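Top to bottom, those sequences are chains A and B. Counting from 1, position 20 in the first sequence corresponds to residue 20 in this note's numbering; the numbering is continuous, with no gaps. Counting from 1, position 114 in the second sequence corresponds to residue 114 in this note's numbering; the numbering is continuous, with no gaps.
Hints are computed from structural coordinates only; laboratory data are not their basis. Don't take every hint at face value.
Capping the alpha-carbon separation at 25 Å, the derived lysine-lysine pairs in DSS-like fashion look like this [claimed, not checked]:
no.	chain 1	residue 1	chain 2	residue 2
1	B	LYS215	B	LYS187
2	A	LYS53	B	LYS56
3	B	LYS173	B	LYS56
4	B	LYS187	B	LYS173
5	B	LYS173	A	LYS55
6	A	LYS171	A	LYS53
7	B	LYS239	B	LYS229
8	A	LYS55	B	LYS187
9	A	LYS53	B	LYS229
10	B	LYS178	A	LYS70
11	A	LYS171	B	LYS173
12	A	LYS53	B	LYS178
13	A	LYS55	B	LYS56
14	A	LYS70	A	LYS170
15	B	LYS173	A	LYS53
16	A	LYS70	B	LYS93
17	B	LYS178	B	LYS239
18	A	LYS7	A	LYS171
Model, not experiment: these values are computed from the prediction.
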Amino acid sequence: MYFLVFKEVFKNIKYIFIALVIFFITFSISVTLFNWGFIFDVFQSDSASLLEKLKIFFSLYESINTNFTKTAAVYTLLINILLGINVAMIIYYIRQRRGGLNNKATATGLGGVVAGLFGIGCAACGSFLLSSFLVLFGAGGLIAYLPFSGEEFGFLGVGLLLLSLHLTTKKIKEPLVC
Amino acid sequence: MEQQNNTLSVPAAIIIAGLLIAGSVIYTSGGSTLNTNAQPTEPTIPEQNETASSVKLIDSTDHILGDPNAQVKVIEFSDLECPFCKTFHSTMKEIMREYGDTSEVAWVYRHFPLDSIHSKARPEAEAAECAAELGGNEAFWLYVDRVFEITPSNNGLDLNQLPIIAEYINLDKNEFEKCLADNDHAKRIADDLQDGINSGGRGTPWSIIVAPNGKTFTLNGAQPLSTVKQIIELALKEK
Numbered sequence: 001m002y003f004l005v006f007k008e009v010f011k012n013i014k015y016i017f018i019a020l021v022i023f024f025i026t027f028s029i030s031v032t033l034f035n036w037g038f039i040f041d042v043f044q045s046d047s048a049s050l051l052e053k054l055k056i057f058f059s060l061y062e063s064i065n066t067n068f069t070k071t072a073a074v075y076t077l078l079i080n081i082l083l084g085i086n087v088a089m090i091i092y093y094i095r096q097r098r099g100g101l102n103n104k105a106t107a108t109g110l111g112g113v114v115a116g117l118f119g120i121g122c123a124a125c126g127s128f129l130l131s132s133f134l135v136l137f138g139a140g141g142l143i144a145y146l147p148f149s150g151e152e153f154g155f156l157g158v159g160l161l162l163l164s165l166h167l168t169t170k171k172i173k174e175p176l177v178c
Numbered sequence: 001m002e003q004q005n006n007t008l009s010v011p012a013a014i015i016i017a018g019l020l021i022a023g024s025v026i027y028t029s030g031g032s033t034l035n036t037n038a039q040p041t042e043p044t045i046p047e048q049n050e051t052a053s054s055v056k057l058i059d060s061t062d063h064i065l066g067d068p069n070a071q072v073k074v075i076e077f078s079d080l081e082c083p084f085c086k087t088f089h090s091t092m093k094e095i096m097r098e099y100g101d102t103s104e105v106a107w108v109y110r111h112f113p114l115d116s117i118h119s120k121a122r123p124e125a126e127a128a129e130c131a132a133e134l135g136g137n138e139a140f141w142l143y144v145d146r147v148f149e150i151t152p153s154n155n156g157l158d159l160n161q162l163p164i165i166a167e168y169i170n171l172d173k174n175e176f177e178k179c180l181a182d183n184d185h186a187k188r189i190a191d192d193l194q195d196g197i198n199s200g201g202r203g204t205p206w207s208i209i210v211a212p213n214g215k216t217f218t219l220n221g222a223q224p225l226s227t228v229k230q231i232i233e234l235a236l237k238e239k
């Protein structure tokens, strides 16, 4: 079922493009999340050309090797790939049915993204999003009690996005009836 | 009507999730509480927004590798049990090989032990200060190098290794153990941590690159060598 639906959706290059754009945007956010201040300072500088500034920005993408654990790097890439595919398939579904969103699948996918975002960052250095979020509620110490120091949210994100993909695939496969 | 509610619920959920995430990020970069479990000297969050420019000026008490009068200074706040600090330590050593001899870059090391996730980081930081007390700046760097070399990170180093490391870098083991027992450097480490927080640090490694004209660039995490090199090249032009 999955292969046939994927083939049906991605035979149109427009949906491959959408998936790639979403992947690019979310991956960019993932690798630059804690350095927006740095990027701002670089782009404000008068001492570098725009090309040099862009080179600095894109060099941050290499931090997937240096600033993420191997596990975090894998689930971060997976979350971004799955999100791109999810969005492309949801858009295909909406256009095909000319109707509203598949709420169940979209909500599951959204849950996946939020859970995944919470797992993003370096679990060991204390600067990932979950710790920031817990601190917001005065519960920063909780992080020390999580068996994978917050990385479990990354796994949860991948699981929810897979579930969302499954639900969307099922919906696309359903016959068009009133 | 129900269909309309359903259609609206998803965008609303997206907006709420987005706001929560944005709020967390802004709160973290603007003035949140550092998560350090009960420690003898709890760091405090300054009332005003933290900025890199509020970092303590470099002085003779700092641990500096390279020419103290170098054009660009990299002030790194580090935790000896943080695996990303270990990675970044190698990156900075490479930077110093390339820019240190020409007095283009000096590397300043300050402590930022994340007690809640690395309870051994603070005793290790105190041990590094004892190395400095007994053997000076050179011994400090040798000690830090050795800790990063042998620790598996994430609290993996056996604290019994601390005097052994001191012996390894030719310090007097007994004197070193006495220094550790005296706990004289606790305030220095607490001050460094507070300085890191004041400058906006929330995790490690947290680095502030100071250009010749005083302009600062902050770098969060173990960024790759190419990024650090490019930002140093940019800082060198800021005159």
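**Request:** Take the C-alpha atoms of LYS53 of chain A and LYS178 of chain B, compute the straight-line distance between them, and say whether it is at most 25 Å.
**Result:** violated, 51 Å
**Asked** Taking 25 Å as the top limit, are the C-alpha atoms of LYS239 of chain B and LYS229 of chain B close enough?
**Response** Roughly 17 Å separates the two Cα atoms, so the pair holds.
**Message:** For LYS178 of chain B and LYS70 of chain A, compute the direct alpha-carbon distance and say whether it is at most 25 Å.
**Reply:** violated, 40 Å
**Request:** Assess, step by step, whether the Cα of LYS215 of chain B is no farther than 25 Å from the Cα of LYS187 of chain B, and give holds or violated.
**Result:** violated, 29 Å
**Request:** Sort out whether LYS187 of chain B lies within 25 Å of LYS55 of chain A, counting only the CA atoms.
**Result:** violated, 41 Å
**Message:** Hint check: LYS171 of chain A vs LYS173 of chain B, CA-CA at most 25 Å. Holds or violated?
**Reply:** violated, 70 Å
**Item:** Restraint check for LYS70 of chain A with LYS170 of chain A, where alpha carbons must lie at most 25 Å apart
**Value:** Not satisfied, since the Cα-Cα distance of roughly 33 Å exceeds 25 Å.
**Prompt:** CA of LYS171 of chain A to CA of LYS53 of chain A, is that 25 Å or under?
**Reply:** violated, 44 Å
**Prompt:** LYS7 of chain A and LYS171 of chain A: Cα distance at most 25 Å?
**Reply:** Distance ~15 Å between LYS7 of chain A and LYS171 of chain A Cα, so the pair holds.
**Satisfaction of hint between LYS173 of chain B and LYS187 of chain B, Cα-Cα up to 25 Å** = The given pair, whose Cα atoms are some 23 Å apart, holds under the 25 Å limit.
**Asked** CA of LYS178 of chain B to CA of LYS239 of chain B, is that 25 Å or under?
**Response** It is violated: about 46 Å lies between the C-alpha atoms, which goes past 25 Å.
**Prompt:** Is the Cα-Cα distance between LYS53 of chain A and LYS56 of chain B 25 Å or less?
**Reply:** With a Cα-Cα distance of about 28 Å, the restraint between LYS53 of chain A and LYS56 of chain B is violated, given a limit of 25 Å.
Violated hints, in rising order: 1, 2, 3, 5, 6, 8, 10, 11, 12, 13, 14, 15, 17; the structure is consistent with all others.
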